[in-house]
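Asks: Model the full assembly from the supplied sequences, consistent with the hints where possible.
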Amino acid sequence: MSNEIEAGAAVATAPLPADALQGPAAGKATHITHCANCGTALAGQFCSNCGQRAHLHRSIGDVFHEVLHGVTHFDGRFWTTLPMLLFRPGKLIRSYIEGQRARYIAPVPLFLMVVFLMFFVLSFVGFNDNVGPVEVGNGDPARGRAEMAKALSDIDRDLAAARAAGDAAKVRELEAGRALFNTIGRSAAGLAEAGESDSITERLADEIAAANARGEAKINFGVPWLDAKAQQALKNPRLLFYKLQTKAYKLSFLLVPLSLPWLWLAFFWRKGVTLYDHAVFALYSISFISLLFVFGSLMLSLNVVSQFVWIPIVLAPAAHMFASLRGAYVLGPWEAGWRTFYLSLAAVMTLSFYLVILIILGVID
Numbered sequence: 001m002s003n004e005i006e007a008g009a010a011v012a013t014a015p016l017p018a019d020a021l022q023g024p025a026a027g028k029a030t031h032i033t034h035c036a037n038c039g040t041a042l043a044g045q046f047c048s049n050c051g052q053r054a055h056l057h058r059s060i061g062d063v064f065h066e067v068l069h070g071v072t073h074f075d076g077r078f079w080t081t082l083p084m085l086l087f088r089p090g091k092l093i094r095s096y097i098e099g100q101r102a103r104y105i106a107p108v109p110l111f112l113m114v115v116f117l118m119f120f121v122l123s124f125v126g127f128n129d130n131v132g133p134v135e136v137g138n139g140d141p142a143r144g145r146a147e148m149a150k151a152l153s154d155i156d157r158d159l160a161a162a163r164a165a166g167d168a169a170k171v172r173e174l175e176a177g178r179a180l181f182n183t184i185g186r187s188a189a190g191l192a193e194a195g196e197s198d199s200i201t202e203r204l205a206d207e208i209a210a211a212n213a214r215g216e217a218k219i220n221f222g223v224p225w226l227d228a229k230a231q232q233a234l235k236n237p238r239l240l241f242y243k244l245q246t247k248a249y250k251l252s253f254l255l256v257p258l259s260l261p262w263l264w265l266a267f268f269w270r271k272g273v274t275l276y277d278h279a280v281f282a283l284y285s286i287s288f289i290s291l292l293f294v295f296g297s298l299m300l301s302l303n304v305v306s307q308f309v310w311i312p313i314v315l316a317p318a319a320h321m322f323a324s325l326r327g328a329y330v331l332g333p334w335e336a337g338w339r340t341f342y343l344s345l346a347a348v349m350t351l352s353f354y355l356v357i358l359i360i361l362g363v364i365d
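Take 1 as the starting number for the sequence shown in my numbering and just add one per residue.
Worth flagging that the hints you see were computed from the coordinates, not collected in a lab.
Positions of the beta carbon are idealized from the N, C-alpha and C atoms, including for glycine.
A few of these clues could be false.
Straight line, CA to CA, 27 Å or less: simulated BS3-like cross-link-like pairs of lysine-lysine [said to hold, decoys possible]:
no., residue 1, residue 2
1, Lys243, Lys229
2, Lys91, Lys271
3, Lys229, Lys250
4, Lys229, Lys247
5, Lys235, Lys247
6, Lys235, Lys250
Label-pair distances were calculated between CB atoms; the ranges are [as the list claims (entries may be wrong)]:
no., residue 1, residue 2, range
7, Lys91, Val348, 25 to 31 Å
8, Gly44, Phe268, 47 to 53 Å
9, Pro312, Ala165, 50 to 56 Å
10, Ala164, Ala210, 44 to 50 Å
11, Ala210, Tyr342, 40 to 46 Å
12, Gly39, Gly332, 52 to 58 Å
13, Thr80, Gln45, 18 to 24 Å
14, Ala210, Phe78, 43 to 49 Å
15, Trp225, Pro312, 54 to 60 Å
16, Pro312, Gly272, 30 to 36 Å
17, Glu335, Lys170, 47 to 53 Å
18, Thr80, Phe268, 56 to 62 Å
19, Leu122, Asn49, 40 to 46 Å
Replies: Below, the structure written as structure tokens:
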């Protein structure tokens, strides 16, 4: 992950030291008559040909000044773009499409910066494993095993009765249920006994490895060589998860071209709407969802389970898409409403397809 973090950091901070570290000579500001970059005669504070400053600095104080200026201003665009992205996304997208671009961060740099931030945060935050719908014996491993044994005993009793009655359909149903319950129950019990030394991802990886060792993890892509690769990858699930994480960062740009056909289908009959408009819409929208994912991850790591936090998080994507559609494409409530529903389903399908691509690439790598 270090290469990805370094690359993302370079993208996110590239504007910061560029001005601070260039200059002709050490010391304080030096006045020159010609641009040090392209040699054009200077007639003001900036070169009329390439735009570089006339006065250049090389003092350590100016380095810190430029870094602070870059973080707090981002050429004045970050603190203009972020509130618009969060609260007035439709106006942001429409304004950018219509050419009002100097005041905002362009969608591609913003997308790259936010995706880097998301994976950077996910590499550090940890999740409280007690948050979730699955409980085994209320956290008591011994009690969990006893309850699982009792449940299996009940299923076996019903299974014996179905066999005695000659109910073949009931027998098949109970046998399938018993196999599923047995696998899930052992996995959940293993998580309860694992303690808190590993992350939930690592525990899941260990459970998959154990299931694979017992011959219970079966993969069927319908392609023999791919199935063989997948079975081999399951022998080391932690490595597989690491590969998936790194590829998810590298291939995050695929979300945009995967989204464009759905957007085109929603507007192909409208004149004046181009694929460029859809690309801007997709980039800004995915940037918002990534920021929301970062916020949700931080809330989980802090064990915040209040409904007053999670209900807005769950509803925010649809509300943001509705507002984005209304403003970006100048739509009425009904037109934006049905497209929000349609694109929400499309987003789930796009994300599923993206995950399938990641899994396949992670398996065959």
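Asks: Starting from the hint 43 to 49 Å, judge whether the C-beta atoms of Ala210 and Phe78 obey it.
Replies: 47 Å, holds
Asks: Is it true that Pro312 and Ala165 lie within 50 to 56 Å of each other by Cβ?
Replies: 52 Å, holds
Asks: Is the Cα-Cα distance between Lys235 and Lys247 27 Å or less?
Replies: 19 Å, holds
Asks: Holds or violated: 40 to 46 Å for the Cβ distance of Leu122 and Asn49?
Replies: 44 Å, holds
Asks: Check whether the Cα positions of Lys91 and Lys271 lie no farther apart than 27 Å.
Replies: Roughly 20 Å separates the two Cα atoms, so the pair holds.
Asks: CB of Ala164 to CB of Ala210, is that within 44 to 50 Å?
Replies: 35 Å, violated
Asks: For the pair supplied as a hint, Lys235 and Lys250, confirm whether the alpha-carbon distance does not exceed 27 Å.
Replies: 24 Å, holds
Asks: Go ahead and decide if the range 54 to 60 Å is satisfied by the Cβ distance of Trp225 to Pro312.
Replies: 46 Å, violated
Asks: Just to be careful, I want the Cα atoms of Lys229 and Lys247 compared with a cutoff of 27 Å; is the pair within it?
Replies: The hint holds at about 17 Å.
Asks: Does Lys229 sit within 27 Å of Lys243, going by the straight-line distance between their CA atoms?
Replies: 14 Å, holds
Asks: Taking 56 to 62 Å as the stated bounds, is the beta-carbon spacing between Thr80 and Phe268 within them?
Replies: With a Cβ separation near 33 Å, Thr80 and Phe268 fall outside 56 to 62 Å, so the hint is violated.
Asks: Is Lys229 within 27 Å of Lys250, Cα to Cα?
Replies: 22 Å, holds
Consistency with the previously given hints fails for numbers 10, 15, 18, ordered from lowest to highest.
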